[in-house]
Amino acid sequence: FLGSGRWEEEKYEDGVKWKFLEHNGPYFPPEYQPLPDNVRFYYDGKEVKLSLAAEEVALFFAQMLDHDYTTKNVFRENFFKDWRKEMTHEERSLIKDLDKCDFGEIHAMHKAKVEARKNMSKEEKLALKEANQKIVDEFGFCMLDHHKERIGNFKIEPPGLFRGRGEHPKQGMLKKRIQPEDVIINCSKESRIPVPPAGHHWKEVRHDNTVTWLASWTENIQGSIKYIMLNANSKLKKYEVARKLKSCVDNTVTKQVGELQGHLFHFFALIFVSFDPKQLALRAGNEKEEGETADTVGCCSLRVEHITLHEQLDGSECVVEFDFLGKDSIRYYNKVPVIKKGCVGLFPACHCPSRSYFSQTSMLNKHLSSLMPGLTAKVFRTYNASITLQQQLKELTNKSDNVAEKLLSYNRANRAVAILCNHQRAPPKTFEQSMVNLQTKIEARKEQLSLAKSELKQAKKEAKSKGSSDPKLLVERKKAAVKRCEEQLLKMEVQATDREENKQIALGTSKLNYLDPRISVAWCKNMEVPVEKIYNKSQRDKFAWAIDMTEADFEF
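Positions 25 to 580 (my numbering) are the ones given, in order, by the sequence shown.
Treat the hints as calculated values from the structure; they're not laboratory data. Ideal Cβ placement from N, Cα and C applies to all residues, glycine included.
In the DSS-like style, the derived pairs of lysine-lysine whose C-alpha atoms are separated by at most 25 Å in a straight line are: (1) 250 / 227; (2) 268 / 566; (3) 507 / 481; (4) 200 / 137; (5) 73 / 109; (6) 124 / 96; (7) 557 / 418; (8) 105 / 120.
Derived DEER-like restraints, expressed as beta-carbon distance ranges: (9) 572 / 500: 38 to 46 Å; (10) 466 / 70: 52 to 60 Å; (11) 222 / 77: 15 to 23 Å; (12) 194 / 153: 33 to 41 Å; (13) 77 / 524: 40 to 48 Å; (14) 187 / 562: 19 to 27 Å; (15) 158 / 537: 26 to 34 Å; (16) 120 / 452: 32 to 40 Å; (17) 532 / 157: 23 to 31 Å; (18) 523 / 123: 32 to 40 Å; (19) 514 / 341: 39 to 47 Å; (20) 75 / 345: 48 to 56 Å.
All chains should be built: construct the whole structure from the sequences, respecting the hints.
Encoded structure:
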C-alpha cells in the first residue's frame, strides 16, 4: 500500500459512489498578452526586447516590486534561476545579473492597471460582473446524478512566482502555467466529455465514481496534486463525519489505545488520546524528500528532535513539549500535560533526533477508516475546530450585547480555533499605520461625544429655566446625539481591540476550511446578527447549503 502512490487521490474518497457526473472541465486563465510597445525592459541601462516566455516571467517579478519578497536573497536567486530557464539562448548569454535588470516601466504599468481597476465606472464594473457570471454559469456547475450541483474551485490558478510563508526555501520559483495536457478529467462514461481549449487535449480522461474530484493536475513547485472538487456535497460530507465523531470520540480513541500498543501508530494514539482536544490539533503531515521542500512536519513526520518529555514542567506533571515548523513554515510551539500518564510509555525508545515518530498519512487514514467509516486525520482536526468554536461562542457571547460586541466575541471564538490549529500570519505591513488612523478617529469621536454631552447639559438648563416645549424637544435631540456618539465610539473601540488581538492570527483559514458553517449560521440567527457580517458574498455562495437552514439551535 505504501508503494502504490495513490494516497493523494484516496484521501478525498468519501465512500459514496456517484452514478452520473458531467461537467465542462476547469476554467483556464487567459493566455499572456505581450507588453505594449511603450513599456520596455532594460538590462545594464540598455533596452532589451524579451521573448514572450521571458517577458511574462519578468512581469511576475515586476508586479511584486512593492513586496518584501523581492528583497530576499532566496527569492531573488530562485526567481533568476527559473527565469533564465524561460529565456532564449541569446537572452541567457546577455542577462546574467539580476541587479542590472530594470523592471521600472513594467512595474509602473502594473500599478496603473491596479489603479484603473479601482477607479472603474459603474458601467465597467457591471460589465466585468456580467462577464464573470458567464464564466461561473459555464464552468461553475456540474450534473451529479442528474442534479445540478455547484463546483467549489473551478478555476485553475494562473502562473506566477511562488511565495510560501516564513523563510520557505522555494520562494521565488516559477509556478508554471497549467495546460490541458497536464489535467486529468474525471466524469461518467455516459456523460459528454469536456471539450479542451482549441488545439489542446487532456492528459487523461477517467471514469472513477469512488472519488469526488472532477479534475486534477500536479503543480511543479511542491509536486503536489491539485483538485477541482464538488462544493456542497463534499464539504457537507466532511462536516457530517466530524459531527458523527463527536458522539463516539471517546469509544473510538479508547479502541485505538487498545489496538495500537507497540504498533506503528503509537504516536497517533498519544496525539489524539492523551491530550485534551482543546489543547492540540495537529495536521497529519507526510514524509517529504530531503531538500525538496521546507522542513515542515505534522503528526506523520514529527521526529524525536521535535518533542521533549518532561516529568515536571511549569507546575504540571508529565508534560510533552512540541517545537517544530508546521505548514507554510509557521512555528508550532506548545507545552501540553498528558491526561493519561501511561501513554507516555508509547514513545519509542530511541534517541536519534532524525527518527520519525510515525509513518505515511495513507496508513494513518486507512487505519482510521477501519475505526469509523470516512474518518481521517483531517476529520479529527475539523472536529476539534468546530467543537471549540461552539464551546467558545457559548462562553463568550451575550445576547444583550450590540452587534459590534457580538462580532468581537465571534472573532475571539474563531481566534481560539486559529490558535488551536496554529493559523498564524505576519502582521500586515500597513497594520501600525491603520491602527494610528483608527486611534485618531477614536480621539476625534471622543471629542464629539464630550461636545455632545456639553450641549445636552446646556439644553437641560434652558429647558428647566424656560419650561416651554421647544427646549424639551431640543433636549431629546441632544440625548439622541449623545447616544449616537456613544454607539459609534464603542464600535470603533471594539474594532481597535479586534484588530490588535488578531494582527498575527489568520482567522479565514479555520473559518473557511475547518469550522462547520452551520455553527456560525445558527449563532447568527440566534444572536440576531446578519450573516453578511460573518461571510462575504463568495463565502455565502460557498456555504449556501448551510445558510439556507432555518433552525437557530443547531448543535455540532
